[in-house]
Amino acid sequence: MSWAEIKKAINSNISKSLDLLITEKCNETKLHVSDLLTKNNGIAPNNMTSFHAYQNGDYVAISFTEPSDTVIENQTLSMVAGVKIIKKDTGFPNTPAAGIELLDIKREEFGKYASSGFLDKNVSVGKKYYYAAFPYNYNGIYNLNPANRSSVEVTDVEIYGYDVNMSDSNPATRVSYPTDVINHSYTPVTVNKSSGDYSMGSWSGCSLIKKIRPVMLKYDGTVDYELDHSNQNYKLDGTASDISNTSYGGNAMVEFPKMYFKRWESGTTQHVRIATRKVDSTYHCYQHMYNGKELETIYLPMYEGSVVSSKLRSLAGQTPESNNSGSTELNYITANGNGWQFDDWMNTIMVQHLLFMVGKSTDLQATFGNGNCNSSGKLTTGTTKAKGMFYGKSTKTEAVKVFWLENYYADRYDRKFGCIYYNGKIFIQPYPPYSTTKSSGTFIDTGISCGSITGYVSKTKMTEYGEFPIEASGTSSTYIPDYCCYNNSGEYFLLWGGYYGADLNAGACVVLIDTFSDGNLSVGASLSYKSPKAA
125 MSWAEIKKAI NSNISKSLDL LITEKCNETK LHVSDLLTKN NGIAPNNMTS FHAYQNGDYV
185 AISFTEPSDT VIENQTLSMV AGVKIIKKDT GFPNTPAAGI ELLDIKREEF GKYASSGFLD
245 KNVSVGKKYY YAAFPYNYNG IYNLNPANRS SVEVTDVEIY GYDVNMSDSN PATRVSYPTD
305 VINHSYTPVT VNKSSGDYSM GSWSGCSLIK KIRPVMLKYD GTVDYELDHS NQNYKLDGTA
365 SDISNTSYGG NAMVEFPKMY FKRWESGTTQ HVRIATRKVD STYHCYQHMY NGKELETIYL
425 PMYEGSVVSS KLRSLAGQTP ESNNSGSTEL NYITANGNGW QFDDWMNTIM VQHLLFMVGK
485 STDLQATFGN GNCNSSGKLT TGTTKAKGMF YGKSTKTEAV KVFWLENYYA DRYDRKFGCI
545 YYNGKIFIQP YPPYSTTKSS GTFIDTGISC GSITGYVSKT KMTEYGEFPI EASGTSSTYI
605 PDYCCYNNSG EYFLLWGGYY GADLNAGACV VLIDTFSDGN LSVGASLSYK SPKAA
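Residue 659, in my numbering, is where the sequence shown stops; the numbers in between run on with no holes.
Wrong hints could be hidden among the right ones.
Think about it this way: if two alpha-carbon atoms lie no more than 20 Å apart in a straight line, the pair counts; the simulated PhoX-like pairs of lysine-lysine are [stated by the list, open to error]:
(1) 386 <-> 585
(2) 335 <-> 359
(3) 335 <-> 511
(4) 585 <-> 549
(5) 236 <-> 208
(6) 212 <-> 245
(7) 334 <-> 359
(8) 583 <-> 549
(9) 520 <-> 317
(10) 386 <-> 402
(11) 342 <-> 435
Hints in this document: simulated from the structure, not taken from any laboratory.
Given the structure is predicted, the values throughout are model-derived calculations rather than measurements.
Hey, can you work out the whole structure from these sequences and the hints?
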């Protein structure tokens, strides 16, 4: 269409001058008039709705949303036909011919790369790559605006993460994915609370999450074999597993690769970043440490601890241990051998923050399932052994499963090492070997003092050691809609997760009102493995 024809069409339908309309359109799209009007007397397409390149594992992913057609006063002046993605390694390409063409996506496929992204696999660590999008219309006229550009330097580190708007009380909207992380355009993990089935969303391709795996771990800390991801009754090769075998010389565990966390607050925003290697001194892997040394892998209990022949085990088909003192539980755990530890606070907050991130919500029960939180007692371990990585329902009498960790919350309070409330202050031991009293070990004062509080969590304080509830004036559907209870007079050990009678109090539930010597039918212990030999 010629300029004269465009002007005639516009003037026949609208009263505003063409120049004014073009100026308004430029203001809307942040274009210059010279970008909109080309030498060919045509109107170029709008800018890309979104365009972002980022590292995804060993590759560069480019996620984008194509522009809409240029429409003024119901008149389509430029219909988008396609988008070309051009790459260079010496600076941004300024025309479609000024680099390597990676993709020419046509109108019929628009939206294909909005979430998971197009993968550029021809990249090398240590190099920076420059990408530009060039939308074009059916007249072959390109948008050359520099706004449609993005660059990324490929490194040997992947950084994931999320932000939390503390002013937003809605658990489902207060979590966001910022642009500085790989998962910035990911869709979250979802669980169908009717069937219990789950979808990994964009996280199905995340290399960090894919390294988490269910295994049978021998007493000496050796991985015997990997379990089938969909049904742990079987090994990965399809033969029968020892998931329920009390004679087996080891335990059913979940292997977590080393990851580094950076946690901080700015204004009303909390930030969590998770990296595959230490980026700088603000990143820590406390959960992957023993006696100050870093471990490549740690192992968390697939099942709640149960007593078998005076050992605390993680096996299917057992009754979860409870009603013992912490000292008795510790003896049961160490009977497994060197490296076997009480499950601890840093393990717990690692999983909690991974769940907040992949579920994009601070309500664990609403996102992943309620768990056994309103029944007459504890469940036998292994009721979800034929399920996959996640499983959960809206019913309140069935087990929940996250990262193959069954009953990570609800069913039974888990006593955790590494966190105590001493005379109204929270103290932390971030890695083993642990002490059972503040006076017998080196504890770190977090500076957090809350007095005695009870109720649904309405505010937390984010520190490098995790986040801790500091206010309890929320509800069962706001902020972090789970229970917290502190007693500020004495020394109390952490109980976490809620129990079979907690109802919606269960989830990311923090209770600091019981001493290490207390025993209760709703309280028990689980074991982890952090080998000092591997440090």
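Here is how each hint holds up against the structure:
1. 386 <-> 585: 14 Å, holds
2. 335 <-> 359: Holds, because 17 Å separates the two Cα atoms, which is no more than 20 Å.
3. 335 <-> 511: 18 Å, holds
4. 585 <-> 549: 13 Å, holds
5. 236 <-> 208: 14 Å, holds
6. 212 <-> 245: 14 Å, holds
7. 334 <-> 359: With a Cα-Cα distance of about 17 Å, the restraint between residue 334 and residue 359 holds, given a limit of 20 Å.
8. 583 <-> 549: Roughly 16 Å between the alpha carbons, so the hint for residue 583 and residue 549 holds.
9. 520 <-> 317: 11 Å, holds
10. 386 <-> 402: Cα-Cα ~10 Å, so holds.
11. 342 <-> 435: Holds - the C-alpha atoms of residue 435 and residue 342 are around 14 Å apart, at most 20 Å.
The structure meets every hint from the earlier list without exception.
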